[in-house]
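**Q** In order, the protein sequences belong to chains A and B. In terms of our numbering, the first sequence opens at residue 74 and continues consecutively. In terms of our numbering, the second sequence opens at residue 1292 and continues consecutively.
Please keep in mind that the hints were generated in silico from the structure rather than gathered at the bench. Don't be surprised by glycine CBs; every beta carbon is placed ideally from N, CA and C. Hints may be right or wrong, so weigh each one.
With a Cα cut of at most 27 angstroms, we get these calculated DSS-like pairs of lysine-lysine [stated by the list, open to error]: (1) Lys215(A) <-> Lys1643(B); (2) Lys187(A) <-> Lys83(A); (3) Lys1445(B) <-> Lys215(A); (4) Lys1390(B) <-> Lys1308(B); (5) Lys187(A) <-> Lys1309(B); (6) Lys1643(B) <-> Lys142(A); (7) Lys105(A) <-> Lys87(A); (8) Lys87(A) <-> Lys1308(B); (9) Lys150(A) <-> Lys1309(B); (10) Lys215(A) <-> Lys1309(B); (11) Lys236(A) <-> Lys1403(B).
Sample of chain A residues with no beta-carbon within 12 angstroms of chain B, all distances over it, derived [to be verified]: (12) Gln78; (13) Lys83; (14) His94; (15) Lys105; (16) Lys142; (17) Glu177; (18) Glu180; (19) Glu218; (20) Arg231; (21) Ala232; (22) Asp243; (23) Arg262; (24) Ala266; (25) Glu267; (26) Asp293; (27) Gln302.
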Amino acid sequence: MAIVQLEDVKKIYKLGKTEVHALRGVTFSIAKGDFAALIGPSGSGKSTILNLMGCIDQPTEGVVTIDGKVTHGLSDKALTRLRHETLGFIFQSFNLIPVLNVYENIEFPLLLGKNSMGKQETREWIEYLIEAVGLSDHMQHKSNELSGGQRQRVAIARALVTKPQIVLADEPTANLDSKTGQSILELMRKMNAELNTTFIFSTHDHTIIDIADHVIRLLDGQIVENTRQSAEAGGL
Amino acid sequence: MMLTTMRVAFRNISRQKKRSFLLVGAIAFGMLVITLLNALTGGVVENLRVNFSHALGGHVFIIGREFTSSGQVILKIAPDERLDQLLVEHDSVIESLTKRSRTLPTLIFGSKQTMQLMYGVDFLAEDKLLDSLVVTDGSLEHVLEYHDAIILPKPSGERLGVQPGETILVKLETLTGQQNVGEFRVAAFIEDQEQFGISAAYAHRTYLNSLLNLEADEYQVLNMFLTDLAVLEDLARDFRLGLRSPDELEEEFAEVEEEEMGLTVTVGNVPITPTPEPEEIRPWDGTRYEVMHINQIMEPVEQMVGVLNKVALVIFLILLVVTMVGITNTFRMIMIERTREIGTMRAFGMQKGQVRSIFLWEAAFLGILGSLAGVVLGGVIALILGSITFNADPSLQFFLNHGQITFTFAPASIVFNLCLVVFTSLLAAYRPATAAARLSPLEALSSHT
């Protein structure tokens, strides 16, 4: 069952009088629980697709469906709610809130909308995530007291805290050394398996491509390869 | 959710400590100026009220008038059940009573003479009076020893060219209108407060009474010191109403009727006001009373202080406007600095209104912290200045409390100023906050800041 679906999606940016065709009619779908990778050179349209799937941008043409909801025509409020309830984000440069500590950064998305969990359950869930990302000893640390790898671990826990259907990760290992990148990938794969959360990456990292269930290769705003790999082939 | 935005906002203040410190400092300075000026003027009014009340012998003043069989109006308070009853009823708020006689005699020294209001007081009963007088020459030490001692306002002494220790003649009218003359020994000169309507000479009541043809224990003015000035005007009204005689009530009623029935003559639709006829004094029985209170005397002072407070408010508003410009610019800068962070929060589901709230809470916290810092600083400065005894010019002593500046903090005024600061801070931050809220998550996340 597709959790994300793009149908003949086009995106044109206007730069003065010039029109830049970032996407030229892209169609694909991603199944629930997939560990999917969007790959391609710079300017191929990876980030544009992530933005459309993340409901922070709208297509010029075509239909984007997230968890059965067509994003076109939704108000800013409804899109914000959809992001909060369905999506989690991991950014290349972590984007932690500097004034909050590890626990508070992870808790933050839960405080932005309805939270069906009770106080105790919420606390246990956050502590479970912190333990899962291996930061139990750093719960009270602020982001400037953490290494790059540790910050990205916090970002992963933060992306998962609302139990989203989909986590969108924009080059999550790009700012990390290879060893740390590897451990972050292992962590995401583990969370993907444990929570059945769909992970969608934009990446240049071949390690991700190797372990992905679903690889979509882009070039000049078009799909040039759309491959689903077997679960065995996608294992680490 | 509000708690979360408040928490983030509060912590954001500590991010750029130097910048926040400067903003809080600017707000605190404005608040300090207005708080200190308000407290200073409040203290001056309070000191003047206290010093005036001692000089005048009370907070509430009752003057009695009798219409004699010979057709004269004389100042005198005779034993009266109504007055005694009212004094008993209000005993709980009356701290003490003082009884004075008063006259407007001509003071003569050599070939010079001047007119001067003069009180006959019981210096032993009015123990605070001598303390409150600001002596410019001579001494009050021997006032109690000499039965004919007189304390003169400095300008009167200068007009007469007399020196302390010398004797002057006092020419006055007795109660029944006869001329009388007495000799008084000048004990001291005191600071005059004529600009506030207080300029009086003081002498022993028993001696002055003997010249006025009053018995030693008789008096013309009954003054009351109250325990609580909050009840001052109510108490004065009670006495005013309670001391009205039936014929006074009838007269008032007749006046109202005349006014209501009065015909207006018009010429070409223009109403002509008839020329008032000279008022004829109608005889009355018993004593008629006039009740006044210290607030009526303090009116010109309070008007002057009101002007000062308005000037302080204008200065404060100018400082606030300058600070507002600073806050607006700072928040514009903050918005640019935190663009990516705003994008992150929006991506995770923060609504536009919540983004705006964070900025507005930050502005509110800056306003509150600045105001509180200003008030605390003002309190400390007031405490320090208030503990210093100034050897100021005698003319200024009436504004001080035993040579010390008094600061009276008015909580309502502080709360009003704090609200004003918070409101202007919110106003200053509103546009940048709205701009931050309107940022699209895509734009914000693409930002390099």
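**Q** For each hint, tell me whether it holds in the structure or not.
**A** Against the structure, the hints come out as follows:
Between Lys215(A) and Lys1643(B) the alpha-carbon distance is near 26 angstroms, which keeps this suggested pair within the 27 angstroms criterion. Distance restraint check for Lys187(A) and Lys83(A): the Cα-Cα separation of roughly 34 angstroms exceeds the 27 angstroms cut-off, and the hinted pair is therefore not satisfied. Among the hinted pairs, Lys1445(B) with Lys215(A) is inconsistent with the structure: their alpha-carbon atoms are about 73 angstroms apart, more than 27 angstroms. In summary, the hint linking Lys1390(B) to Lys1308(B) is not supported, as the alpha carbons are separated by about 64 angstroms, beyond the 27 angstroms threshold.
Pair hint Lys187(A) plus Lys1309(B) does not hold up; C-alpha atoms about 37 angstroms apart against a cutoff of 27 angstroms. At most 27 angstroms may separate the alpha-carbon atoms for a hinted pair to count; Lys1643(B) and Lys142(A) meet this at roughly 22 angstroms. Between Lys105(A) and Lys87(A) the alpha-carbon distance is near 34 angstroms, which puts this suggested pair outside the 27 angstroms criterion. The suggested pairing of Lys87(A) with Lys1308(B) is violated, with an alpha-carbon distance near 41 angstroms, which exceeds 27 angstroms.
With a C-alpha separation of about 36 angstroms, the suggested pairing of Lys150(A) with Lys1309(B) is violated against the 27 angstroms cut-off. About 20 angstroms separates the Cα atoms of Lys215(A) and Lys1309(B), which keeps this hinted pair within 27 angstroms; it holds. Restraint check: the Cα-Cα separation between Lys236(A) and Lys1403(B) comes to about 102 angstroms, which exceeds 27 angstroms; the hinted pair is violated. At roughly 21 angstroms from the closest C-beta of chain B, the C-beta of Gln78(A) stays outside 12 angstroms, upholding its exclusion from the interface.
Even its closest Cβ contact with chain B, about 17 angstroms, leaves Lys83(A) beyond 12 angstroms, as expected for a residue assigned away from the interface. Annotated as non-interface, His94(A) keeps its C-beta farther than 12 angstroms from every C-beta of chain B; the closest such distance is 18 angstroms. Every CB of chain B lies more than 12 angstroms from the CB of Lys105(A), the least distance being 21 angstroms, so the non-interface label holds. With 12 angstroms as the threshold on Cβ separation, the claim that Lys142(A) sits away from chain B holds: the shortest Cβ distance comes to roughly 15 angstroms.
With a minimum CB-CB distance of about 8 angstroms to chain B, Glu177(A) fails to clear the 12 angstroms threshold, and the non-interface call is violated. Under the 12 angstroms C-beta cut-off, the non-interface status given to Glu180(A) relative to chain B is violated; the minimum distance is some 9 angstroms. At roughly 15 angstroms from the closest C-beta of chain B, the C-beta of Glu218(A) stays outside 12 angstroms, upholding its exclusion from the interface. For Arg231(A), the shortest C-beta to C-beta distance to chain B comes to about 8 angstroms, within the 12 angstroms cut-off, and the non-interface label is violated.
Residue placement check: Ala232(A) does not keep its beta carbon more than 12 angstroms from all beta carbons of chain B (closest about 9 angstroms). In this structure Asp243(A) is not separated from chain B by more than 12 angstroms, as the shortest Cβ-Cβ distance comes to only about 9 angstroms. For Arg262(A), the non-interface assignment is confirmed: its Cβ lies about 23 angstroms from the closest Cβ of chain B, beyond the 12 angstroms cut-off. Even its closest Cβ contact with chain B, about 24 angstroms, leaves Ala266(A) beyond 12 angstroms, as expected for a residue assigned away from the interface.
Distance to chain B confirms Glu267(A) as a non-interface residue, since its nearest Cβ pair spans about 21 angstroms, more than 12 angstroms. Remark: the non-interface label on Asp293(A) is consistent with the geometry, its nearest Cβ contact in chain B lying 21 angstroms away (cut-off 12 angstroms). Listed as outside the interface, Gln302(A) is consistent with that label: its C-beta sits roughly 29 angstroms from the nearest C-beta of chain B, beyond the 12 angstroms cut-off.
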